[in-house]
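As a plain string of letters, each chain reads:
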Amino acid sequence: MGVRVNTFPLLTILTLIPLLGGGATLFASNQPKLAQRIAFAFSLLALAGAALLWAVFEPSQAGWQFPERHAWVPSLGIDYHLGIDGLGLLMVLLSALLVPFAMLASWKIGQNPKLYFALILFLEAGLFGTFTALNFFHWFLYWELGLIPAFFLIKIWGGPRRTRAANQFFIYTLAGSVTMLLAFLAIFAATGLFDFGQLAQAAQNGGLDNALFAKLGSSLFKSKETLAAVVFLGVFLGFAVKAPLMPFHTWLPSAYAEAPTGTAMLLSGAMSKMGVYGFLRVLLPLFPTQMRAMQTPLLCLAVGTIVFSAAAALAQRDLKRMVAYSSINHVGYCLLGIFAVVRITGDTAAWGTEKAAALNGVMLQMFNHGLTASALFYFVGLIEQRSGGLRGLDDFGGLRKAAPVFCGLMGITLFASLGLPGLNGFVSEFLIFKGSLPLVGWAAAVSTLGLLITAIFLLAILQRVFSGPLQNRWAGWKDLTTGERLTVAPMIALMFVLGICPQILIRVANPAALAMLKLF
Amino acid sequence: MNSSLGWMRPLIPEEIVLVSALLALVLDLAVLRRKSLAARAVGIGSAACLGCLAAMVWIARGQDDATAEMLALTPLTQFLKIVLLALTLVVVVISFGARFSRHLGEYFALLLIATAGLMLLISSDNLLIIFIALELLSLPLYVLTAFNKASLASAEAALKYFLFGSVASAFTLFGISLLYGLTGDLQLGTIGAKLGAQAVEPVFYAALVMTLAGFAFKVAAAPLHFWAPDVYQGAPAPIACFIASGSKVASFFVLARIIVAGFGPWHGSAAWDQFRAGWMPLLAVLAVLSMVVGNIAALVQTSVKRLLAYSAVAHGGYALLAFFGDSRQMLLSLFFYVITYSLTVLGAFAVVAVVENSGGCDRLADWAGLGRRAPLLSACMFVFMLSLAGIPPLSGFFGKFYLFTAAVAGAPPLGMLWLVIVAVGASAISLYYYLQVLKQIYAAEPPAGSQPFRPPYPALFSIALLAGLVIALGCAPGWLLGKLSVVLTSSAF
Amino acid sequence: MLAWTIYISFLGAAALALLPPESRRAARLTALLTALAGLAIALVGAAQYERQAPAGALVDLVNVPWIPDPDIGFHLAADGVSITLVLLTGIVAVAGVLFSWNIERRTREFFALYLALIGGVYGVFLSFDLFLLFVFYEIAIIPKYFLIAIWGSTRREYGAMKLALYSLVGSAMVLIGLIAAYVRSGAQTFDLLKLSQFPFPFAFQNWAFLLVFVGFAILAGLWPFHTWAPVGHVAAPTAASMLLAGVVMKLGAYGALRVAMTLFPDGLRAWQNEIALLAVIGIVYGATVALVQRDFKFVIGYSSVSHMGFVLLGLMTLTQIGLSGAVLQMFSHGIIAGLLFAVVGRMIYDRVHTRELSALQPMNLSVLAPFAAVTFVLAGAASMGLPGFSGFIAELQVLVGAWGSFPLLTILAGAGLLVGIAYMVRVWIKAFFAENDLKSGVIQIEPISIPERAGALLLLAATVLIGLWPGLLLNLITPTLHSPLFQRLVKGGPP
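Chains as they are written, first to last, in this note's numbering: chain W, 1 to 520; chain V, 1 to 493; chain Y, 1 to 495.
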């Protein structure tokens with residue numbers, strides 16, 4: 001299908017589908033089951049839309065595809081500006097894939113399912129909106145739109161310590177958002193722009209820093225660099241909390257652990273990618289100089305994230321928390337790749353391959369980790385269900401005997417997360433290291449520790465939960481039902497497919513990576 | 001008529017009133033002695049009303065000329081006489097329901113005599129006639145204050161009134177004699193001219209202060225206001241009405257006349273940075289004292305009548321602000337204010353009278369929930385209280401506004417702003433106690449077992465009419481302003 | 001056409017006074033119809049105004065001589081700023097009636113006073129003669145007093161009296177300034193347009209501006225004259241506090257803009273920095289004090305002081321964008337404050353009879369009253385200034401406008417925004433979400449009624465609509481800021 005639908009507002013419609021779906025779920029019916037079905041139907045519709053988008057997307061074409069631009073509040077530089085490139089497409093597709101998956105995982109939720117499914121759809125709308133918006137105003141709107149349903153999802157359906165987890169999640173993320181908002185207000189005051197593309201252009205050759213200093217600086221800040229650094233930090237914080245980057249991660253383990261299964265899948269699978277997306281789409285084009293200047297501390301943070309989160313995962317006794325920390329660890333690789341790329345800014349062709357490799361790896365890792373993390377949470381959720389609430393590492397043993405298919409599929413997922421060649425995790429991690437080792441040797445070298453530790457704890461899970469003697473109380477452990485197998489099958493299949501044939505993704509990601517490199 | 005009785009012609013309205021007074025007495029003694037109190041009240045009162053109406057009609061025919069030996073009748077005075085008679089009319093109607101005395105013939109007669117005194121007071125610019133009229137006004141009022149023989153407060157009030165009033169009259173007389181000594185004349189215009197030709201002597205200041213003292217007493221300006229709370233509270237309510245309304249109008253008129261015609265050139269100045277001796281600083285001091293003392297004392301009152309009394313003191317203070325404007329605006333704003341004020345306060349006291357007659361008393365606590373028990377009456381009281389507070393679109397607001405504007409606009413421009421600031425501040429504070437009354441009426445719950453009561457129709461009608469006038473004059477003050485303007489321009493003051 | 005908003009409100013009040021005392025349904029319907037009529041007229045008027053040319057010009061509605069001496073005319077006129085505020089009044093008025101549907105005691109009198117207050121407010125926004133403006137301004141004071149004194153709650157008599165006296169003292173200051181201006185100009189007229197042409201000498205403007213501005217700003221909640229606001233708002237019944245915080249505080253800001261700033265632009269420049277400082281202190285102080293309140297309604301009351309600080313800061317920027325932000329914030333905060341008070345007062349307090357946060361928390365209101373919880377969350381998000389709601393654009397414009405003249409103050413204001421987020425989150429969590437797992441059914445509360453839902457939806461729709469399409473209002477405001485009256489303000493100097 002090579003039909004280019006240029007001015008057709010496909011992106012707006014795509015974002016509207018889950019929004020309307022959420023509304024329909026809430027108001028259309030009083031019966032919970034029917035409402036769930038309606039919600040699921042909308043999520044499938046959204047998936048279909050994303051697939052259509054994938055099919056019609058032309059990787060070789062440069063620039064934004066399916067652009068939509070309407071003046072909204074001209075006096076404030078606010079436009080309704082949408083567009084998609086390879087990165088956005090990957091993220092949209094990921095979100096669209098994960099939402100039906102999460103819904104199926106939550107199918108038997110007992111309390112107020114109508115509201116639950118509606119909130120998931122609103123969350124999806126927030127995700128779609130964030131990944132397609134190109135003007136700060138509505139980008140931020142969707143960013144916040146994702147926050148509020150997530151808060152309620154944790155607060156109302158979560159585990160025993162959900163209040164604290166939800167509050168912490170909310171406050172941390174909100175604080176980060178607020179600093180981002182203030183920083184962008186400062187940018188607006190200096191440049192009168194809210195559009196990401198225009199800002200990126202202004203930022204080339206230090207134009208943004210000059211504008212900031214000229215308009216805002218003089219009286220309060222002595223040097224241009226300081227002012228620019230302050231504004232940079234504001235934006236940085238917002239994304240650093242979301243990704244998360246240590247030490248801004250403390251909200252995450254509790255939030256993921258207390259969240260209900262479907263929510264945890266979405267949080268780790270899609271929402272954390274919002275943070276990384278922000279680094280790529282916003283921070284890097286607008287503040288290359290600052291990132292380069294702060295490269296070393298940033299790399300230290302990334303490396304620290306990778307290593308310490310892996311170590312923390314190793315030390316956990318709760319399966320869900322292990323997966324949570326492992327999630328931090330995997331996102332850390334993305335950040336490593338990004339920070340490695342900024343080492344050489346400017347258009348030197350010399351490091352082009354490495355930088356491209358790193359960026360490709362980042363994007364692929366975002367997609368792949370989304371799949372594996374959500375699948376892992378799904379399995380842990382199943383364990384929790386079958387055991388009546390237990391999910392400790394030491395509570396189980398020998399489940400392989402009782403549920404071989406379960407073990408097999410979860411094993412595949414664990415290996416994919418580990419980075420076993422042949423599964424999708426390997427390609428992305430390989431590319432990241434291929435790119436960053438030459439660029440930031442020491443950092444990459446230390447990060448391999450993370451790989452090692454990850455391998456240890458993931459294998460530990462396999463061993464403790466599935467091998468060994470089967471405890472009596474789990475004798476009646478049921479294997480995966482047909483429904484569950486069908487639910488998880490697409491994910492497993494994708495893990496294989498993308499492991500063997502990563503070209504599918506790279507073909508879309510590479511042009512985007514190359515375009516990004518041109519920006520700084 | 002032959003010329004020897006020619007002096008009676010300009011005074012026909014006063015004569016009509018006096019004749020009505022005598023008629024009232026005769027009617028009471030001869031015809032209505034046996035009847036019930038209510039019937040007597042209505043009967044005699046109607047006769048009094050007819051008398052007032054007749055006088056009003058005569059004045060409205062407008063045939064009197066301005067010249068007579070000791071009289072000075074101008075369109076302004078005639079207009080004011082109509083107003084005074086109307087006020088008296090309302091007081092008479094309120095008195096229909098009076099239960100405080102059996103001596104109704106005497107009551108109405110004295111009231112009419114006092115009215116005649118009022119009318120005479122504004123008819124002359126000869127100091128002696130003015131003094132006589134003052135006494136003609138005051139003596140019946142002293143007696144009327146004491147008319148409620150069952151009440152100790154009434155007697156005490158009358159005694160205080162009499163003592164204070166006599167002393168004040170003595171001061172006035174002394175001042176008049178000093179003026180005569182200084183100028184050798186009793187006619188105000190001539191006095192003014194002669195004083196203007198002379199150099200200022202200390203005796204002059206003494207004369208000024210003495211003369212003004214008497215009138216300051218009459219308008220209840222602080223520090224000569226001490227009689228007012230007791231008299232307003234102790235006197236029977238209709239009499240308090242009368243003192244608060246008609247007496248004020250006439251007194252201010254005379255005060256204005258004396259100051260403008262008599263002391264005109266010796267105004268001195270009370271502007272912020274240019275204090276010079278004269279009647280202006282004197283009046284400024286009186287004004288400030290009245291506004292401050294009146295408002296602050298009113299804040300703590302628990303009796304509606306005393307509250308209204310202190311409010312009257314304060315309003316006297318506001319009215320004094322008119323004297324700082326230029327000549328035209330001074331009189332216009334003064335009379336507008338005094339007339340609308342008298343209508344308002346008459347209405348307020350009338351409501352008090354009605355409530356008292358229906359068995360209530362004037363303690364604030366006893367007015368609780370009146371809004372439910374007597375809706376129309378309370379609505380009228382609402383109008384009166386807010387007009388006194390100076391809330392638009394009622395006449396009290398425009399009156400104050402016009403006064404303040406006149407005071408600020410007088411020469412030197414913005415010189416009296418300090419006084420206006422005091423006045424505005426005092427006026428703002430006054431809202432507190434007016435709202436206290438209204439709060440009792442509307443927000444408080446009526447005491448258990450209280451019944452709605454129906455005020456007598458004539459009284460209710462007059463009160464409603466007054467309330468309507470207050471609203472109308474507030475929304476469209478142009479009518480009264482225009483009328484006053486016309487009569488002022490055609491009157492030499 | 002727009003003048004009919006005033007007449008209809010007073011006619012409605014009069015009609016209500018004539019109804020028999022026990023007729024609650026008729027009273028409610030009359031009030032609702034009157035308020036809706038006012039809103040409809042406002043909308044039609046706004047549409048008409050937008051279509052006429054030249055854009056942003058002043059449109060005379062009624063201009064007849066009233067009192068010949070001094071020259072006072074009954075002069076009503078409208079420009080974009082007035083119309084924005086008239087629209088606000090219309091919306092909040094309708095919502096207020098809907099939220100007062102449950103008043104059982106002396107219903108007819110309540111709505112009569114309510115409509116009289118609305119009429120006075122419309123009058124202020126549409127008057128272009130200073131005397132007339134002042135008359136309407138004062139007319140609004142008395143219904144406020146009675147609404148609070150009779151139907152209020154905590155310490156209502158004290159709150160009502162404090163509010164009335166503060167308002168009156170403020171208007172007394174304004175009166176002095178007006179009379180002084182009238183006399184000084186020698187113009188023998190009170191018409192705003194004519195007086196604004198007169199070049200008052202600087203020495204005069206120096207004190208006259210301060211007097212008139214502070215007089216109006218008292219009602220707008222300028223720190224430190226704001227103390228009537230929390231007490232008054234808490235004491236007032238729901239609809240009254242919606243009106244008070246939503247509309248009446250805007251009377252003060254509007255008066256400051258329309259009278260003080262227009263007549264005395266040089267005096268304005270003399271005091272610009274000091275007033276901006278006070279405004280920002282109000283922003284931070286209001287937010288900080290709101291953070292520690294134990295009574296739900298007090299939180300909202302202090303948040304009103306904080307938001308009005310933004311309005312006053314915007315006014316002081318004297319830039320087009322700052323002024324635009326100030327007017328937009330007046331509209332936005334009016335709606336949001338109305339919404340917040342409606343939830344706190346009507347939806348929560350009327351049902352559970354407590355406003356103490358510590359008492360509300362165990363009740364787990366998010367389960368018992370989900371509609372209220374959702375509404376409050378959205379209202380709180382709007383109050384924080386999140387994009388998508390009207391407050392964002394308004395506060396953005398104010399901050400951008402203020403940066404040029406007061407960079408340090410702008411940063412402080414931004415800090416105030418942060419505190420604003422904090423107290424709102426605190427209230428969200430404390431008021432609606434319980435720590436423990438309480439099953440609903442422990443406490444039964446009546447469901448949210450249809451009029452309440454309608455009112456909430458109306459207000460929410462308004463703030464979201466303007467949040468997403470601020471152009472709807474900016475199309476009214478921006479051309480007006482280009483008109484001669486405002487250009488003189490922005491540029492300063494003689495006319």
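No lab work stands behind these hints, which were simulated from the structure alone. Note that CB positions come from ideal geometry on N, CA and C, so glycine has one too. Hints are supplied without guarantee of correctness; some may be wrong.
So, partial list: chain W residues that the calculated Cβ filter (under 10 angstroms) puts toward chain Y [claimed, not checked]:
(1) Val-56
(2) Phe-57
(3) Glu-144
(4) Phe-152
No more than 25 angstroms apart at the CA atoms, straight line, and that leaves these computed lysine to any residue pairs for SDA-like [stated by the list, open to error]:
(5) Y:Lys-430 - W:Gln-111
(6) V:Lys-439 - Y:Lys-430
(7) V:Lys-439 - Y:Pro-21
(8) W:Lys-224 - W:Thr-250
(9) Y:Lys-162 - V:Val-292
(10) V:Lys-439 - Y:Asn-102
Now for the hints, and whether the structure bears them out:
The restraint placing Val-56 of chain W at the interface with chain Y is violated, with a minimum CB-CB distance near 29 angstroms, outside the 10 angstroms limit. Because the beta carbon of Phe-57 of chain W sits about 29 angstroms from the nearest beta carbon in chain Y, more than 10 angstroms, this interface hint is broken. At its closest, the beta carbon of Glu-144 of chain W sits 6 angstroms from a beta carbon of chain Y; the interface hint therefore holds under the 10 angstroms criterion. Interface hint status for Phe-152 of chain W: upheld, as the beta-carbon distance to the closest one in chain Y is roughly 9 angstroms, under 10 angstroms.
Distance hint between Lys-430 of chain Y and Gln-111 of chain W is fulfilled; the C-alpha atoms sit about 22 angstroms from each other, no more than 25 angstroms. Our distance criterion of 25 angstroms between C-alpha atoms is broken by Lys-439 of chain V and Lys-430 of chain Y, whose separation comes to about 37 angstroms. For a cut-off of 25 angstroms, the pair hint linking Lys-439 of chain V to Pro-21 of chain Y stands: about 19 angstroms separates their Cα positions. At roughly 33 angstroms between alpha-carbon atoms, Lys-224 of chain W and Thr-250 of chain W are farther apart than 25 angstroms, so this suggested pair is violated.
Of the pairs offered as hints, the one joining Lys-162 of chain Y and Val-292 of chain V holds, with about 20 angstroms between alpha carbons and a cut-off of 25 angstroms not exceeded. Only pairs whose Cα atoms come within 25 angstroms are accepted, and Lys-439 of chain V paired with Asn-102 of chain Y is accepted, the gap being roughly 23 angstroms.
This entry does not satisfy hints 1, 2, 6, 8, going by the numbered hints stated previously.
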